[in-house]
Each structure stands twice: as C-alpha cells, then as structure tokens.
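Trainee: On the provided structure of chain A, position chain B as indicated by the hints.
What follows is the residue order along each chain.
Protein chains: 2
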Amino acid sequence: MTALTKIRRAPHKASSDEGVIRRIIEAAKVAHVAICVDGQPFSIPVACAPHNESLLLHGSTASRLFKALASGAKGCLTITHVDALVLARSSFHSSIHYRSLMAFGVAREIAGDEKIFALNSLTEHLFPGRISELRNSTAQELAATTILSFPLDQVSVKVSDGEPDDDKADLESDIWAGVVPIHSTYGVAIPASNLRSEIPVPDYIATWVAG
Amino acid sequence: MTALTKIRRAPHKASSDEGVIRRIIEAAKVAHVAICVDGQPFSIPVACAPHNESLLLHGSTASRLFKALASGAKGCLTITHVDALVLARSSFHSSIHYRSLMAFGVAREIAGDEKIFALNSLTEHLFPGRISELRNSTAQELAATTILSFPLDQVSVKVSDGEPDDDKADLESDIWAGVVPIHSTYGVAIPASNLRSEIPVPDYIATWVAG
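In order, the protein sequence lines correspond to chains A and B.
Counting with our numbering, you get residues 262 to 472 for the letters of the first sequence.
Counting with our numbering, you get residues 262 to 472 for the letters of the second sequence.
In isolation and in its complexed conformation, chain A is listed as follows:
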C-alpha cells in the first residue's frame, strides 16, 4: 500500500481480498480511465479485459486519451459495480452497495505478437465464446487499434455491502428497510438486418443470459 492507494475515507470498506479484486475485474467490460492534461482532468469510459496482472484497454490509435496514455501519462483507472440500493430508515444512512477498484499507474502499449493475443483476449472477455468463430484480424485492423496494458500493482478497492446501519432511535419506525439488489442482465439477441435468416443465435449467447 502506497500513499496513493491508502484509503482514508471509511477504511473499514477497504478490501485487499484477492478474490474480491479478481471478481471486480472479471465482471468489468468497461473501466473509466482518467488523465490530467495541463491540470484539467479527463475521465473516459474504455473497454477493458483482464490480462495477467494487468488490465487491457482497447481504443483507437487516433484517440487523444490513448495517445496520452501510450506516451506515459499518469493514469487512474476505476471500475465500479453498483450492486444494490440500501434503504435505511433515514436519508443519512441510506446508501448504495458498490464494489470499486482504483488503479494508479502508467500504461504500456502492447505490440507485436502479444498484440494479437491481447486483442483476442479482449474480444473473448467482452463476448465470451465468440473468438473461435471470428476470422483473424488483418494487419490493417491491428494497426488501427491501440491496446494498452494498465498495471494493477497499485490498487485500492472499496466494497460497500451489508445491511442498513440505522440509528437505534429509528428502529421503532414503521417504514420498510432493507436492500434492493441491482442486476445487469442480457436481453433477447437482435439479429442484424443483413443477417441471413437461417443463421441461428449461437449457444454461447444463451449462456450469457443464463449468467
């Protein structure tokens, strides 16, 4: 733990549990990545995927964010999962269950054969089961894509869970209190209008819906 990753607010919510961290990362398809440009922060959503001890970020070669990150800009990468609403008997104790991870560091651009592997990992993470069906990326496509590896060695994780933490005086109240979970679910797959009608929805999509 460094000065950057020390959690000062609500330190009881800090987690260093490797399983918790792993599940936060595995469940994320999008991270927010922030950089500073002349003292002005920019925080941008970016597609992501786990990769060894880092996180892959996928963007266009032409993106300002990716150019800055590839040139060594200090970054802050944040993943947030909103898991539930917590309805306490007062506004003050009402809250949100979340799991969030902040990583600090400088990204590394991935090149060469590692880039092909990384792009495939990204595709497979975002669309599980899909990569075996897709043709290989062309050299031109690879050239138009920047893949960055963002380090996960300076990480701070906060988890808010548990029951409403009401004041004793409010426990006599007649209003309901509890937790309402929030789930992210897949809807019914919508075929492209140019898809030939005899091509079925692949089985792997059904496994996404099943969760």
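One should not assume that every hint holds.
Any copy, or any two copies together, can satisfy a pair, since identical chains are not distinguished.
[As the list claims (entries may be wrong)] Subject to a maximum C-alpha distance of 25 Å in a straight line, what follows is the list of computed DSS-like cross-link-like pairs (lysine-lysine):
1. Lys328 - Lys429
2. Lys328 - Lys419
3. Lys335 - Lys429
4. Lys274 - Lys328
5. Lys376 - Lys419
6. Lys290 - Lys274
7. Lys335 - Lys290
8. Lys290 - Lys419
9. Lys429 - Lys290
10. Lys376 - Lys328
11. Lys274 - Lys429
Keep in mind that the hints were calculated from the coordinates and are not lab data.
Quantities reported herein were computed from a predicted structural model and do not represent experimental measurements.
Mentor: For chain B alone, coordinates are given in the frame of chain A:
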C-alpha cells in the same frame, strides 16, 4: 462547444440532443468524478442526481475528493450507460453500445436551505417514492454531508448505437451478427434482519422493478 468539449474521435457519435442528454442524466445514480492532484488523476464513483441545470453530488464532509472539489478543483464528471454488446463478424467491428456524458467545470458547495432541498432531491432520485416516508434529516446529519452542484454547461455527449457495421467481404460469413441488449434490473427486495415482520415492502419499490 468549447475546446474541452469538442469531440474529435468519431464525431458522428456526438450528440447535442437535449432529450438524449436528459435521459442519460435521469438514468444515472452514480457518476465518476475526476480531479487532478499534483498531476495525478483521481477518478471516483459518486452518487448523483439531476438538479436544475446541474448535477448534485453527494459525499462525506471528510472526503478528500469533496474537499478538493469544494475548494475549486477543476473536475471532469462522466456518466456512462452500457446498453448492449454489438457482435459484428470481425473483432475489429465488434463493439459496445453506450451513452456517455462528460461535463467539465468547477463544483459549487450547496449550503443553507438549498442543502435540505438538494438532499431530499438526491434521496428521491436514488430511491424514487421514498422521501415522503423518511423523517427529516437532523442538523448533525446535514453538517456531516457535503452536497456539491456540478455545472452542466460544458458537456460533451457520445452515443454509440445502431447495427454492426461489417466489412462487405464479411457479410458472406456464416456466423451470427447482431446486438445483445444489456439491462439494469432490480431484484427481489431483501428486508433488513431487524425489520418487524408485519411491515410490507412498499409499493414504490414494485414500480422500480416494473421499470
């Protein structure tokens, strides 16, 4: 549109549609707020709610982020909704449907009577229907809460939607292509263990589930 808010990447995805912007804000319970501290970016998830032409942010008086924002730090506020996976016939054209809003500016701390109104607005936005049941916040609770108003006058919005945009040569492929929607839904409400068993789940929670 200023230099900060000009969208350079994929400008066809830029939106200035007031209805689109309003729906992005109305659907958000959490925003990511980034600041720079000595050239190091920090991007942190924060509970939020619409408020006139600004966005309310809710945090602890003791939070470093909130102290910095209340002291005039330049901020970048980002809201991101991930709406669908887009399965094209190549990795390169596969993508994610999203709606994202970035706002740039300096937050203003809300005080006095406006603070009570703002806190109630936040509670009602996060837990629709709830505020009429809750007791008023105490002076002590108000003092322990910082509410910031983040301006929305410098905003850049990007929307990615539409069908997979495949290369012509890939249209002969036998693999499925299309869009798989992602929905955020509420699960079954879980009563607090100290809730008296005769207190029912309120009707307004059922309307959340119904969407």
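Trainee: Hint by hint, which ones does the structure fall short of?
Mentor: Going through the list in order, the structure violates hints 1, 3, 5, 9 and respects the others.
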